[in-house]
Each structure stands twice: as C-alpha cells, then as structure tokens.
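All the letters of the sequence shown, read from the start, carry residue numbers 1 to 581 under UniProt numbering.
The reader is advised that the hints may include incorrect statements.
[Stated by the list, open to error] Keeping only pairs whose Cα atoms sit at most 30 Å apart, straight-line, the calculated DSSO-like set for lysine-lysine is:
hint : residue 1 : residue 2
1    : K447      : K568
2    : K447      : K312
3    : K361      : K312
4    : K312      : K425
5    : K497      : K333
6    : K396      : K497
7    : K461      : K333
8    : K396      : K464
9    : K333      : K396
10   : K226      : K312
11   : K381      : K465
12   : K497      : K381
13   : K312      : K396
14   : K491      : K530
15   : K381      : K291
16   : K333      : K465
17   : K512      : K447
18   : K491      : K333
19   : K333      : K464
20   : K491      : K447
21   : K512      : K464
22   : K425      : K465
[Unchecked claim] Label-pair restraints from in silico Cβ distances:
hint : residue 1 : residue 2 : range
23   : A222      : T307      : 37 to 43 Å
24   : E499      : E17       : 36 to 42 Å
25   : K530      : N186      : 28 to 34 Å
26   : D528      : I331      : 49 to 55 Å
27   : K530      : I331      : 43 to 49 Å
28   : T355      : K497      : 49 to 55 Å
29   : G322      : L545      : 25 to 31 Å
30   : G436      : T307      : 36 to 42 Å
31   : E190      : A559      : 26 to 32 Å
32   : P311      : G185      : 20 to 26 Å
33   : G166      : D528      : 37 to 43 Å
Simulated from the structure, these hints should not be mistaken for lab results.
C-beta: ideal position from N, C-alpha, C; glycine also.
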Amino acid sequence: MTTFRRVILVTQQIVKEQQRKAAEQRRAWGKIQEITITIPIQYQPPTFGTREDLRANYSFDLDHSVVEAEVVKKAKKKMAALPPRTLPAAGGILFAPSSTHATIPSQNPAANHSPRAEALARATLSIDLRQLRHFCIPIAPFQMCSHPRISQWPRVSMAEALETIGREIGETVTAEVESLSVGIGNQLLERVLAEDVVAAQAMPAFRASIKDGYAVIAADGAGPRKVVSVTTAGATSTLVLQPGQCCRVSTGSMVVNGADAVVMREYTKPLPGQEDRGEHETDVMIEVAPKVGQDIRDAGADFQEGTLLVPKGTRLLPQHIGLIESSCRRIVKVYAELGVVFMSTGNELYSAESTSESVVKPPFGFIHDSNRPQIYNQLLKHGFAGVDYGIVPDNKEDLQNKLREAIESEHQFIVTTGGVSMGEKDHMKGVLAHLGCHIHFGRVAMKPGMPTTFATVTNSKGVKKFIFSLPGNPVSAYVCMEVFVVPFIKKKAGFAKTELTRITVSMENEVKLDERPEYRRAVLVVEDGKLIARTTHPNQTSSALINIRDCNILIELPARSEDSSAIKAGDSVNVLVVGPL
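Let the hints inform the model, and build the full structure from the sequences given.
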C-alpha cells in the first residue's frame with residue numbers, strides 16, 4: 001500500500017469517526033451544528049519531527065460552548081516557521097499552529113458561568129496521534145461551519161423568566177435616601193417617598209364653616225337673630241354663642257363655640273333698616289329652620305392626628321404633595337433617582353445627535369438608532385435617570401470594553417439592545433460569558449423578544465450588577481423594557497407598586513395565535529360602555545415601530561394549542577397597561 005493511499009484511508013477513517021460522534025451528539029444534545037468536510041487529496045510528507053513529536057489536545061468548554069484547540073508539540077519553533085496550514089485533529093476539528101475557535105452546542109446551556117463552575121464544566125480530551133506512521137498537512141483542509149444554526153439556549157417560559165429575575169434582584173431597595181423640602185419650587189414631583197408621612201395634627205384642627213352664612217343655634221329655629229360677631233377665614237374667636245344670637249361666617253372660618261349649625265346666606269334676609277349696613281348689620285332674619293351639624297366640618301373630619309397620609313414607596317403626584325403639606329411636614333425623605341446604563345449595538349446603526357439639521361437621513365445601508373432615544377424616555381417616564389453609553393460596534397473587543405466599563409460603573413442596572421440572536425455578529429452572550437457574567441437565561445418563549453437575555457455579575461468592588469440584553473428590533477426592545485426591565489428597576493428604586501396593571505377587556509377583532517405567547521400592541525377604546533382592545537396596526541412585526549405609536553396596552557395572547565388557534569372577536573383577554581388610558 002502506497003503512502004498516499006494510506007493517508008487517504010486514514011482521512012476517511014477520521015471522517016467516519018466524526019460522523020459517528022456527530023450522530024451521538026445529535027441523540028444526546030438534540031442539536032448539532034452543521035459540518036462540511038472536504039477530503040484532502042494532496043499529500044505532503046512531514047518536513048519536521050516524527051510521530052513522537054505530535055500530540056493534539058483540545059477541550060470542550062461546556063459553559064461558553066467554544067472549542068478551544070491548541071497543538072502542543074516539541075517542534076513548536078519549527079511549526080511557527082511553517083506556512084499557515086491546518087492540521088487534522090481528532091473528530092475532524094482542525095486548527096492552525098496557534099489556535100482557533102469554533103462554536104458548538106453546549107451540553108449544559110444553563111450552566112453557571114462563575115469561574116468555579118466553568119472549571120468544573122470543562123472536560124478535556126487528549127487524542128494521541130502517534131499511532132499514525134505519518135501525518136499530513138492537507139492543502140484542501142476540512143471546513144467546519146463557524147456559526148451554529150440552532151441556539152444552545154432553551155426557551156424558558158415567561159413565568160420562569162420573571163421568577164428568575166425576581167429571585168436574583170430580591171426585595172432590598174438600593175437607592176440612596178435624600179431629604180427634600182415641601183412647598184413651591186420643590187423637586188418632589190414623581191419622586192418616590194422613602195418614609196411614611198403621617199399627620200402631625202388633625203385636619204381641620206377646629207370646627208369650620210362649609211358655607212358663607214350665619215352660625216346659629218339650631219334649637220332657635222327660623223326667625224330673627226342678633227348678629228353679635230363676625231369671623232372670617234384665618235380669624236379666631238373666644239365668643240360663646242347664646243340663644244337668639246348668630247355669628248356671620250365665611251367658608252373655612254372657625255365656627256364659634258355654642259353654635260351647632262350654619263345657615264347659607266341665600267336663606268337669610270336683612271331686617272327692615274338693615275339693608276344698607278353690610279358688614280355692620282346688627283340683625284338678620286333666618287328664613288329656614290336649621291338642622292344640627294348643618295354645613296359644619298368638625299375638627300378632624302378630614303383626618304386625625306397620626307393618620308397615615310402617604311405611604312412609603314408612593315411615586316409622588318401633585319395631590320400627594322398637597323396632602324404632605326397639609327400633614328404639617330416641612331421636610332420629607334425620598335429615594336434618589338436610580339441611574340440605568342443603556343447602549344445599542346450594531347454596525348448598521350447611525351446617530352445624528354451631533355448635527356444641527358432638522359432632517360438628517362442616514363448613509364445608505366445604515367438606519368437611525370431608535371432604541372437609545374426610546375429607552376432613555378421609557379426610563380425617564382418611570383422616574384429613572386438614563387446613562388447613555390452610545391452605540392457599540394459589532395465586535396467583541398469593543399463590546400467587552402464598553403460592558404466592562406458599565407460593570408465597573410456606579411450604576412447597578414445595564415440595558416443593551418442587539419447582538420443576542422443567531423447572526424454572525426451577535427456576540428453579546430459570548431462577551432457576557434467572557435466577562436464572567438452568569439447568564440441565567442438566553443431565550444424566552446415570548447413574541448416579540450425571544451432572544452432576551454438576563455445576566456448578573458459581581459464587579460471588582462463587590463457590587464452585584466444586573467444586565468438585560470434585549471433584542472435589537474425596536475418593538476421587541478420596547479415590550480421587553482416594559483415587561484422585564486422597568487418593573488424590576490422599580491423594586492430597587494423603592495416603588496411600592498412595581499407590576500404593570502392588568503385588566504380584562506374584550507377583543508375587537510379575531511387574532512390568530514402564535515406558537516409562542518404574544519404581547520400584541522393595542523390601544524384601549526370604549527364602545528357602548530365596554531372596554532375594547534384594538535390592535536394598533538396590521539403590521540405587528542417586531543421591526544415596525546409604527547405598531548407601538550398608539551400603544552397603551554399589551555394584549556396577553558396565549559400560545560397556540562390543539563384546542564385553540566385564535567382569539568375571536570368579543571372574547572375576553574387580559575391586557576397590561578403601558579401608557580395613559
């Protein structure tokens with residue numbers, strides 16, 4: 001048998017072994033990347049070393065799903081001087097004299113990405129090629145597809161994803177506390193209260209008149225009265241009213257002791273000779289018989305001293321601020337606004353922020369980055385301070401540098417968009433893993449937003465960071481911000497209410513169900529006294545921003561099943577409120 005024939009046979013054996021292993025992997029993992037093999041046909045005798053000089057080692061890194069291949073040989077210096085060829089290694093995986101990387105499915109997609117877990121998950125195989133009489137440097141090497149066709153990440157349910165995020169984030173508020181004054185010019189609007197506000201005194205602190213008129217003794221009935229006093233709002237009196245007497249009062253003024261009713265001015269008239277005396281009148285006719293307690297607001301009628309007025313965790317609106325002022329509090333504690341880092345990733349993204357033109361079209365082949373302005377204002381809407389980290393190109397080094405900077409920053413939450421799907425430039429999951437992040441899930445059974453990824457990492461200062469990597473499609477990013485990101489930032493920011501409001505309404509039109517649960521964009525309308533969910537736009541694709549223009553609710557549609565393939569018009573559906581109604 002010639003040497004050339006021997007090489008061909010050995011190569012064929014390697015191919016068969018690779019095919020056998022691939023079949024085993026398919027059965028074990030349920031998925032395997034596509035591999036194309038080209039048989040080497042040109043033989044080159046070894047120019048260095050012998051069979052004793054070669055041993056190929058490679059390891060399967062189960063956490064990162066990256067095959068790191070490295071040739072260890074005694075003739076290393078001689079190999080470095082060789083032309084850039086490839087050497088056949090075990091299982092048909094080839095590598096250059098230094099090293100190369102190729103993505104494969106992970107046996108353990110949910111593996112913990114901590115260094116300890118990575119070390120435990122690493123399984124190293126050593127293939128000794130000294131059994132071969134010769135080895136060859138093929139001119140037409142094996143070719144291995146460098147990108148997987150099937151995601152290694154199992155799809156988790158929405159319930160599982162939310163439970164995972166909640167468990168990791170916990171209930172502890174991390175926002176700092178600051179004190180602000182109450183009154184005109186304060187900065188309390190939409191801040192989150194960090195303490196309970198209770199009443200320091202009753203409101204009102206005295207009996208007050210509800211109307212302009214006369215304070216009387218109800219038992220006197222209708223008839224003439226002697227006007228013995230006048231009290232206006234803000235004035236006090238020590239007078240004790242006697243039978244047959246009355247006191248002229250105004251709205252909000254103190255009701256004198258002895259009086260037990262107020263008669264509106266419209267139900268009185270001046271006695272003869274008193275018509276033109278105005279505030280100096282001395283007598284008046286009460287035309288109706290009053291009832292005890294009529295038009296009097298008792299002391300403490302609004303609230304008593306010690307009453308809880310505004311609970312901790314309330315996001316303050318104008319009415320809350322007015323109530324705090326009424327409580328006699330001058331200084332209150334609120335949570336500092338949480339900063340949230342956000343960034344977009346993608347080589348195709350364009351930003352015109354540095355220009356002053358009113359209309360700027362992106363260069364051909366580029367698109368405007370709509371995600372960053374959208375996310376910034378979503379954060380602002382809920383009272384968070386967005387920290388813009390800009391647009392990051394689709395390359396691993398830039399992503400690593402920018403994410404590392406964000407992880408080491410003072411901000412606990414990081415939101416990224418893009419780079420989480422199955423494209424050749426989707427590096428986000430790999431970069432997160434490289435930085436030591438624990439990826440808790442990399443796909444969710446939902447539409448839109450399936451590639452949504454959640455990871456955590458502890459930085460060099462010992463601070464735990466929460467990373468939400470969202471899809472790059474703007475609708476997906478919008479929906480995931482509302483259902484995943486914002487509710488959990490609210491927990492850390494001290495909000496008492498963190499979950500979206502869910503209501504039941506009727507569906508306007510029939511909707512076909514998807515294989516995944518769907519959050520369909522819609523607007524809430526009222527027709528014939530009924531709340532109706534109306535789809536915002538026929539085009540519900542995740543790249544079409546037009547379908548969230550009028551969106552103020554998300555319809556929670558279940559996944560398609562054998563029993564149900566559509567929601568019919570008039571059916572009841574649950575919706576999440578995401579905008580003003």
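Taking the hints in turn, this is what the structure says about them:
1. K447 - K568: 19 Å, holds
2. K447 - K312: 35 Å, violated
3. K361 - K312: This hinted pair is violated, its Cα atoms lying about 47 Å apart.
4. K312 - K425: 46 Å, violated
5. K497 - K333: Judged against 30 Å, a Cα distance of about 18 Å means the pair holds.
6. K396 - K497: 38 Å, violated
7. K461 - K333: Holds, at roughly 28 Å.
8. K396 - K464: Status holds; Cα separation ~23 Å.
9. K333 - K396: 43 Å, violated
10. K226 - K312: Between K226 and K312 the Cα gap is close to 52 Å, so the pair fails against 30 Å, i.e. violated.
11. K381 - K465: 22 Å, holds
12. K497 - K381: Status holds; Cα separation ~15 Å.
13. K312 - K396: 44 Å, violated
14. K491 - K530: 33 Å, violated
15. K381 - K291: Not satisfied, since the Cα-Cα distance of roughly 51 Å exceeds 30 Å.
16. K333 - K465: OK: K333 and K465 at ~26 Å, within 30 Å.
17. K512 - K447: Cα-Cα ~13 Å, so holds.
18. K491 - K333: 17 Å, holds
19. K333 - K464: 25 Å, holds
20. K491 - K447: Roughly 25 Å separates the two Cα atoms, so the pair holds.
21. K512 - K464: 42 Å, violated
22. K425 - K465: Judged against 30 Å, a Cα distance of about 25 Å means the pair holds.
23. A222 - T307: 37 to 43 Å: For T307 against A222, whose Cβ atoms are near 38 Å apart, the range 37 to 43 Å holds.
24. E499 - E17: 36 to 42 Å: Given range 36 to 42 Å: violated, Cβ gap about 54 Å.
25. K530 - N186: 28 to 34 Å: Because 42 Å falls outside the window, the suggested range is violated.
26. D528 - I331: 49 to 55 Å: 51 Å, holds
27. K530 - I331: 43 to 49 Å: 47 Å, holds
28. T355 - K497: 49 to 55 Å: Violated, since T355 and K497 (Cβ atoms, about 41 Å apart) do not stay within the stated range.
29. G322 - L545: 25 to 31 Å: This hint is violated: roughly 38 Å between Cβ atoms.
30. G436 - T307: 36 to 42 Å: 51 Å, violated
31. E190 - A559: 26 to 32 Å: Violated - the Cβ-Cβ distance for E190 and A559, about 37 Å, lies outside 26 to 32 Å.
32. P311 - G185: 20 to 26 Å: With Cβ atoms ~25 Å apart, the hint holds.
33. G166 - D528: 37 to 43 Å: Given about 39 Å between the Cβ atoms, the range holds.
Hint check: violations occur at hints 2, 3, 4, 6, 9, 10, 13, 14, 15, 21, 24, 25, 28, 29, 30 and 31; the rest are consistent with the structure.
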